[in-house]
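Given the structure of chain A, go ahead and fit chain B onto it with the hints provided.
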Amino acid sequence: AQKVTQAQTEISVVEKEDVTLDCVYETRDTTYYLFWYKQPPSGELVFLIRRNSFDEQNEISGRYSWNFQKSTSSFNFTITASQVVDSAVYFCALSGGGSNYKLTFGKGTLLTVNP
Amino acid sequence: GAVVSQHPSWVICKSGTSVKIECRSLDFQATTMFWYRQFPKQSLMLMATSNEGSKATYEQGVEKDKFLINHASLTLSTLTVTSAHPEDSSFYICSARTRTGPNPYTQYFGPGTRLTVL
Numbered sequence: 304a305q306k307v308t309q310a311q312t313e314i315s316v317v318e319k320e321d322v323t324l325d326c327v328y329e330t331r332d333t334t335y336y337l338f339w340y341k342q343p344p345s346g347e348l349v350f351l352i353r354r355n356s357f358d359e360q361n362e363i364s365g366r367y368s369w370n371f372q373k374s375t376s377s378f379n380f381t382i383t384a385s386q387v388v389d390s391a392v393y394f395c396a397l398s399g400g401g402s403n404y405k406l407t408f409g410k411g412t413l414l415t416v417n418p
Numbered sequence: 005g006a007v008v009s010q011h012p013s014w015v016i017c018k019s020g021t022s023v024k025i026e027c028r029s030l031d032f033q034a035t036t037m038f039w040y041r042q043f044p045k046q047s048l049m050l051m052a053t054s055n056e057g058s059k060a061t062y063e064q065g066v067e068k069d070k071f072l073i074n075h076a077s078l079t080l081s082t083l084t085v086t087s088a089h090p091e092d093s094s095f096y097i098c099s100a101r102t103r104t105g106p107n108p109y110t111q112y113f114g115p116g117t118r119l120t121v122l
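In the order they appear, the protein sequences are chains A and B. To convert, take the position in the first sequence, counting from 1, and add 303; that gives our numbering. To convert, take the position in the second sequence, counting from 1, and add 4; that gives our numbering.
Just chain A, same shape as in the assembly:
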């Protein structure tokens, strides 16, 4: 069975602070995919990143960066110099390869960035 744990239920920071959202996953698949989605108050889930299990390179996209470590089964997400517009619920998700493509979501982390 697959499992995604986002231990941080809520995080509150002040604008311009850096913040890291944790994600730990469990799977028996050798091929799998990891995702991060953002859900702002409007409700629409916005795709942020996809990583496959064979690519452990960290990725940076503007103020966003992701740290994928298979050794600790973690896929953490860091926002540098946070902004009020970053306030949202962030979901980490996992899917298997092949026909096992359902997404297993974590419970989400509510990030509030205060001005």
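No lab work stands behind these hints, which were simulated from the structure alone. Be aware that a few hints might be false.
[As the list claims (entries may be wrong)] Taking lysine to aspartate or glutamate pairs in the EDC-like style, the calculated list, with each CA pair at most 16 Å apart, reads:
1. B:K45 x A:E313
2. A:K410 x A:E313
3. A:K306 x A:D332
4. B:K45 x A:E347
5. A:K410 x A:D358
6. A:K306 x A:E320
7. A:K373 x A:D358
8. A:K405 x B:E63
9. B:K18 x B:E63
[Said to hold, decoys possible] For each label pair, taking beta carbons as the anchor points, the in silico distance ranges come out as:
10. A:V388 x B:L72: 30 to 40 Å
11. B:K18 x A:F357: 49 to 59 Å
12. A:N417 x B:S77: 23 to 33 Å
13. A:E318 x B:A76: 22 to 32 Å
14. A:S377 x B:P106: 46 to 56 Å
15. B:N55 x A:V388: 28 to 38 Å
16. A:P343 x B:P108: 24 to 34 Å
17. A:E320 x B:P108: 30 to 40 Å
18. A:V316 x B:T86: 37 to 47 Å
19. B:Q46 x A:V316: 43 to 53 Å
20. A:I314 x B:P12: 10 to 20 Å
21. A:K306 x B:N55: 19 to 29 Å
22. A:T375 x B:L122: 41 to 51 Å
[To be verified] A few chain A positions that, by computed beta-carbon distances, are all more than 12 Å from chain B:
23. Q309
24. E320
25. N370
26. V388
27. S398
28. T407
29. N417
Each residue gets a CB set at the ideal place from its N, CA and C atoms; glycine is no exception.
For chain B alone, coordinates are given in the frame of chain A:
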């Protein structure tokens, strides 16, 4: 790219009526679409997987006769909530899964439909 639309964005109906929600992949073809339900301050709950040209696969505990899913084309899936009751009030979200492109096997989500049953 990879845009998914959902219509309507919100709907209010009387108990006992049926409501149809449409999910469209606008710029890609999706053989597989998914329907989720989300309660306030909770994660997404997968209801069913919709495959083009075949019957949907429902998750355990989801009534297939109540939540009818049709995936008649590569860009359109519909969810019909039949004989809706107040307990069906929720936020329903669809997604479409890419097969190709810069992010294959990725689900892109529609904006959601907020259903209120009076």
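Hint-by-hint comparison with the structure:
1. Distance restraint check for K45 (chain B) and E313 (chain A): the Cα-Cα separation of roughly 11 Å lies within the 16 Å cut-off, and the hinted pair is therefore satisfied.
2. Of the supplied pair hints, the one linking K410 (chain A) and E313 (chain A) holds, its CA atoms being roughly 11 Å apart against a limit of 16 Å.
3. Between K306 (chain A) and D332 (chain A) the CA atoms are separated by roughly 12 Å; this keeps the pair inside 16 Å, and the hint holds.
4. A hinted pair counts as satisfied when its Cα atoms are at most 16 Å apart, and K45 (chain B) with E347 (chain A) qualifies at roughly 14 Å.
5. For the given pair, K410 (chain A) sits about 25 Å from D358 (chain A) by alpha-carbon distance, which is inconsistent with the 16 Å threshold.
6. This hinted pair does not check out: K306 (chain A) and E320 (chain A) have alpha carbons roughly 30 Å apart, beyond 16 Å.
7. Taken as a hint, the K373 (chain A) and D358 (chain A) pair is honoured in the structure, with Cα atoms around 10 Å apart against an allowance of 16 Å.
8. Of the supplied pair hints, the one linking K405 (chain A) and E63 (chain B) holds, its CA atoms being roughly 11 Å apart against a limit of 16 Å.
9. Our distance criterion of 16 Å between C-alpha atoms is broken by K18 (chain B) and E63 (chain B), whose separation comes to about 26 Å.
10. A C-beta distance of roughly 38 Å is found between V388 (chain A) and L72 (chain B), which places it inside the suggested range of 30 to 40 Å.
11. Taking the beta carbon of each, K18 (chain B) and F357 (chain A) are about 52 Å apart, inside 49 to 59 Å as hinted.
12. Under the hint 23 to 33 Å, the C-beta atoms of N417 (chain A) and S77 (chain B), about 46 Å apart, miss the expected range.
13. Our hint of 22 to 32 Å for E318 (chain A) and A76 (chain B) is violated, since their Cβ atoms are close to 47 Å apart.
14. For S377 (chain A) and P106 (chain B), the hinted distance range of 46 to 56 Å is not satisfied, since their beta carbons lie about 24 Å from each other.
15. The supplied range of 28 to 38 Å is met by N55 (chain B) and V388 (chain A), whose beta-carbon atoms lie about 37 Å from each other.
16. A C-beta distance of roughly 26 Å is found between P343 (chain A) and P108 (chain B), which places it inside the suggested range of 24 to 34 Å.
17. Hint check: E320 (chain A) to P108 (chain B), Cβ distance near 35 Å, so the stated range 30 to 40 Å holds.
18. A beta carbon spacing of about 45 Å between V316 (chain A) and T86 (chain B) agrees with the range 37 to 47 Å that was offered as a hint.
19. A hinted range of 43 to 53 Å for the beta carbons of Q46 (chain B) and V316 (chain A) is inconsistent with their spacing of about 23 Å.
20. Taken as a hint, the range 10 to 20 Å is violated for the pair I314 (chain A) and P12 (chain B), whose Cβ atoms sit roughly 33 Å apart.
21. Checking the proposed 19 to 29 Å range against K306 (chain A) and N55 (chain B) shows it holds: the Cβ atoms sit about 25 Å from each other.
22. Our hint of 41 to 51 Å for T375 (chain A) and L122 (chain B) holds, since their Cβ atoms are close to 49 Å apart.
23. Against chain B, the non-interface label of Q309 (chain A) is violated: not every CB pair exceeds 12 Å, the least being about 9 Å.
24. With 12 Å as the threshold on Cβ separation, the claim that E320 (chain A) sits away from chain B holds: the shortest Cβ distance comes to roughly 24 Å.
25. The beta carbon of N370 (chain A) is kept farther than 12 Å from every beta carbon of chain B, the shortest such distance being approximately 19 Å.
26. No beta-carbon of chain B comes within 12 Å of the beta-carbon of V388 (chain A); the shortest separation is about 18 Å.
27. Non-interface status of S398 (chain A) relative to chain B is broken: a Cβ of that chain comes within 12 Å, the nearest being about 7 Å off.
28. With a closest Cβ-Cβ approach of about 9 Å to chain B, T407 (chain A) is found to fall inside the 12 Å limit, against its non-interface label.
29. Consistency note on N417 (chain A): stated as away from chain B, and its beta-carbon is indeed over 12 Å from all of that chain's, at 19 Å minimum.
This entry does not satisfy hints 5, 6, 9, 12, 13, 14, 19, 20, 23, 27 and 28, going by the numbered hints stated previously.
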